[in-house]
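Colleague: Please model the complete structure; the sequences and the hints are all you need to start from.
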Amino acid sequence: METVIEQVPLDKVIDPSLKKKAKIEVKDVKVWYDDFNAIKGIDMNIKPNTVTAFIGPSGCGKSTFLRLFNRMNDYVEGFRMEGKIKINGENIYKKKVNVEELRKEIGMVFQKPNPFPKSIFDNVAYGLKIQGITDKQLIEERVIDCLKQVALWDEVKDDLKKSGMTLSGGQQQRLCIARTLAVQPSIILMDEPTSALDPISTAKVEELIFKLKEKYTIIIVTHNMQQASRISDYTAFFYLGELIEYGKTKTIFTNPEKQQTENYITGRFG
Amino acid sequence: MNNIQKNRLKDQLFKVWGIGCTLFALILLVFFIGDILIDGIMRIDWGFIINLPSRKPEKAGIYTALMGSICILFLTTIIAFPIGVAAGIYLEEYSKKNRLSAILEINISNLAGVPSIIYGLLGLEVFVRIMGLGASVLAGSLTLSLLILPIIIVATREAIKAVPKSIKDASYALGASKWQTIWNQVLPASSGGILTGVILALSRAVGETAPLIVVGALAYVPFAPESPMDEFSVLPIQIFNWISRPQHGFIENAAAAIIILLLITFVMNGVAVYFRNKWQKKLK
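Those protein sequence lines, which keep their order, are chains F and Z. Sequential numbering of the first sequence, starting at 1, is according to the working numbering. Sequential numbering of the second sequence, starting at 1001, is according to the working numbering.
Calculated directly from the structure, the hints in this document are not laboratory data. Relax, there's no trap hidden among the hints.
Here are the in silico distance ranges between beta carbons for each label pair:
| # | chain 1 | residue 1 | chain 2 | residue 2 | range |
| --- | --- | --- | --- | --- | --- |
| 1 | Z | A1102 | F | S58 | 30 to 38 Å |
| 2 | Z | P1188 | F | T50 | 36 to 44 Å |
| 3 | F | Y75 | Z | W1046 | 52 to 60 Å |
| 4 | Z | F1074 | F | A203 | 53 to 61 Å |
| 5 | Z | P1188 | F | A151 | 27 to 35 Å |
| 6 | F | E140 | Z | P1115 | 55 to 63 Å |
| 7 | F | Y93 | Z | S1095 | 19 to 27 Å |
Glycine included, C-beta positions come from ideal geometry on N, C-alpha and C.
Modeller: Okay, structure coming up:
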């Protein structure tokens, strides 16, 4: 592909300090599903190593917008898009872009924990194996490292051969995050990652997100206002396919510019 | 009588009606199998299985027909399995949902409903005559492959459809290509369902008579097929042949052969059920 970010051969990037920083620029993006205009022209810049929260009522386009960054909407029937999304200056919707390479740079964690019906070890190793990496030692080191990063190692180190499906919901979600980290992305997209979890598991995942910010640029869709204010640096409020307000989380939650934003975060609608 | 009582009565009536229908079908089957067993079970011994066909009923065996059926089954599997599964994967994962794919889809369902004798005629024209294969095991297998392809394709698609989208999404999001996702996630998760469909289709093929008669399978073959180009007979044709004879001994032979054929289909269906149960457990 037209490399999105300067590519260091993967097996040399075990040291996370080599990680590159990813800057995102969105220019006048519009999205249609057949005739339905889901996103109506959005401009946005996202700084590296920050957590940005997307909030807004259901159907406002925030999940659609999130899925633009790793091109997961490409599979949706009737999907059409205009505008540019640049990651470190490269438009990811250019024809030449290799989508598979792009997705190694931009990981994704889904709403419902979705481990593969494979062992815990194989779940984390999957992203490496599909890249054709066969070095067993490298894979093992990476798996252990990633499980430690998500604070799952101590809980599963004796059961690495057990199916990932046997874990609890919160553990499954952390396994899915570990699986994403193993590919060493620079950006991690999270689509309501804690909406299916209990409060304790949610707290653990939030703690993890806070820690991951040092190395990754994180974008998180959430319906939970407290969560957005707790973990994010920037917040974007979407409504009916438009970006209503975008700024520092502190400002958005204490002193929003628009009446609509205030109504939403104070729970008056949505 | 108030409404609740009325509804309860309706409930009971339907239950009784349902039990009756189920019993009716079951009793017929038990009666049929019992009748066959009484007629034929005494006739089955090792000699019956390894003897060649004969004019004398007590000397006749099913060896050539059984070997013919096994060869046909083997070749049909080799031909129909890869083609059917590949077509199913293509239709479910690759083809765009447009008018062409809709037409394809409807016609595959149509093909599954075409009477088997029509496939026989097609096989006679294309494989026996145009391709010059003659009334061979290969021509018979190709014909049966055509017959069961739609069933395999539909079963493959259903099994693939049952794979949760979330698993595919996860694979794509990690940078897997379409083929990597199909090979590493979709096929392992759907293999049980695909296998079940293939076995059920094959167990249908092993009982088929009409298309093979049209293709030119023989009622009397003095030797078991040794190459795909040999002439052949199969169990159902042997049964048909024996039943049409006047001597009582052959009726007994037919019943015994039916027991063997039923045994083969029951075992195949049993294996299919086993795989399905195992697969359903895995997906949960």
